[in-house]
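Taken in sequence, the protein lines are chains F and R. Position in the first sequence (from 1) plus 23 gives the number in the numbering used here. Position in the second sequence (from 1) plus 108 gives the number in the numbering used here.
A couple of the hints might just be wrong.
[As the list claims (entries may be wrong)] So the derived label-pair ranges between C-beta atoms look like this:
id, chain 1, residue 1, chain 2, residue 2, range
1, F, Leu119, R, Val196, 27 to 37 Å
2, F, Gly112, R, Val200, 22 to 32 Å
3, F, Ala30, R, Val170, 11 to 21 Å
4, F, Val115, R, Tyr177, 21 to 31 Å
5, F, Arg62, R, Phe145, 31 to 41 Å
6, R, Gly148, F, Gly60, 19 to 29 Å
7, F, Gly91, R, Phe145, 15 to 25 Å
8, F, Met141, R, Leu174, 42 to 52 Å
Derived by calculation from the structure, the hints in this document are not laboratory data. Glycine included, each C-beta is placed from N, C-alpha and C at the ideal position.
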Amino acid sequence: MSWGDAAAIAAGLFAGFLSGTIGIGGGLAFVPIMTIGFRMPQQLAQGTSLAAIIPTALVGGITHLRQGNVRLDAAIWMGGGGVVGAVIGALVAVDLPTSLLARLFGVFLLFSAYRIAMGARRPTVKSQADPKHSV
Amino acid sequence: MVPLQVLWAKMPQRQANATSLVAIIPIAIVAVPIYYFRKGTPQVDLHMALFLVIGSVVGAYVGARLLKYIPDRELKLVVALLLLIVGVKETVFP
Chain F
24 MSWGDAAAIA AGLFAGFLSG TIGIGGGLAF VPIMTIGFRM PQQLAQGTSL
74 AAIIPTALVG GITHLRQGNV RLDAAIWMGG GGVVGAVIGA LVAVDLPTSL
124 LARLFGVFLL FSAYRIAMGA RRPTVKSQAD PKHSV
Chain R
109 MVPLQVLWAK MPQRQANATS LVAIIPIAIV AVPIYYFRKG TPQVDLHMAL
159 FLVIGSVVGA YVGARLLKYI PDRELKLVVA LLLLIVGVKE TVFP
């Protein structure tokens, strides 16, 4: 195992932890880690990130299912709709110029930063209604 | 997906996060073969993915178990700041 492999494991720990806690789905962390940290081209980073997300989401998802945190009906609807969007998105992404795809991903990162910051500003409905559930 | 659920389905944040994590599974499963087979060279580095997975499976499990003890607000603020910095970098110097 090389230093690069060890760095990938450490990066994975960080991304997985964020996906298990604040639910950012892994890719949001995986892709910049690979493009900036490992100097990989955008398409390769995105494809690799998607491959790495499958087992990560399986483990996180199953843990949440067991703890009763998942609305299964909503998950099925979003997953179904998402599959259609993912096929179209992936077909477009593999043929885009790398720098344009990186820029688009940068915009997505900025939007995500804004959304997460807004989510941090107000306490969740749950914690306001019943403090014992938020601890 | 998470903001849609919180705003329109009036789902609590935690439930929305957990639900989207489950919904991501089929999405990733259909996208990977496209990245792998669509171009001449596969746009998926399976070696890198393997080591990311080794770390992230442990990280996701620990995160989900420790969910109740994590200072949600502070963690989100730190992550938002990191994404802002990386987002500016990627947009300006792709």
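### Task
Can you let me know if the beta-carbon spacing of leucine 119 of chain F and valine 196 of chain R is within 27 to 37 Å?
21 Å, violated
### Task
Determine whether the Cβ-Cβ distance between glycine 148 of chain R and glycine 60 of chain F falls within the hinted range of 19 to 29 Å.
26 Å, holds
### Message
Tell me if the beta carbons of alanine 30 of chain F and valine 170 of chain R are separated by a distance inside 11 to 21 Å.
### Response
19 Å, holds
#### Entry: Hint check for leucine 174 of chain R and methionine 141 of chain F - Cβ pair distance inside 42 to 52 Å
24 Å, violated
### Query
Using the C-beta atoms of valine 115 of chain F and tyrosine 177 of chain R, is the stated range 21 to 31 Å upheld?
41 Å, violated
### Query
Do the Cβ positions of glycine 112 of chain F and valine 200 of chain R conform to the proposed distance bound of 22 to 32 Å?
24 Å, holds
### Query
Given a hinted range of 15 to 25 Å, is it respected by the beta-carbon distance of glycine 91 of chain F and phenylalanine 145 of chain R?
For glycine 91 of chain F and phenylalanine 145 of chain R the Cβ distance comes to about 38 Å; the hint is violated.
### Query
Does 31 to 41 Å hold as the CB distance between arginine 62 of chain F and phenylalanine 145 of chain R, or does it fail?
Once the Cβ atoms are compared, 24 Å apart, the range 31 to 41 Å for phenylalanine 145 of chain R and arginine 62 of chain F is violated.
Checked against the numbered hints given earlier, the structure breaks hints 1, 4, 5, 7, 8 and satisfies all the rest.
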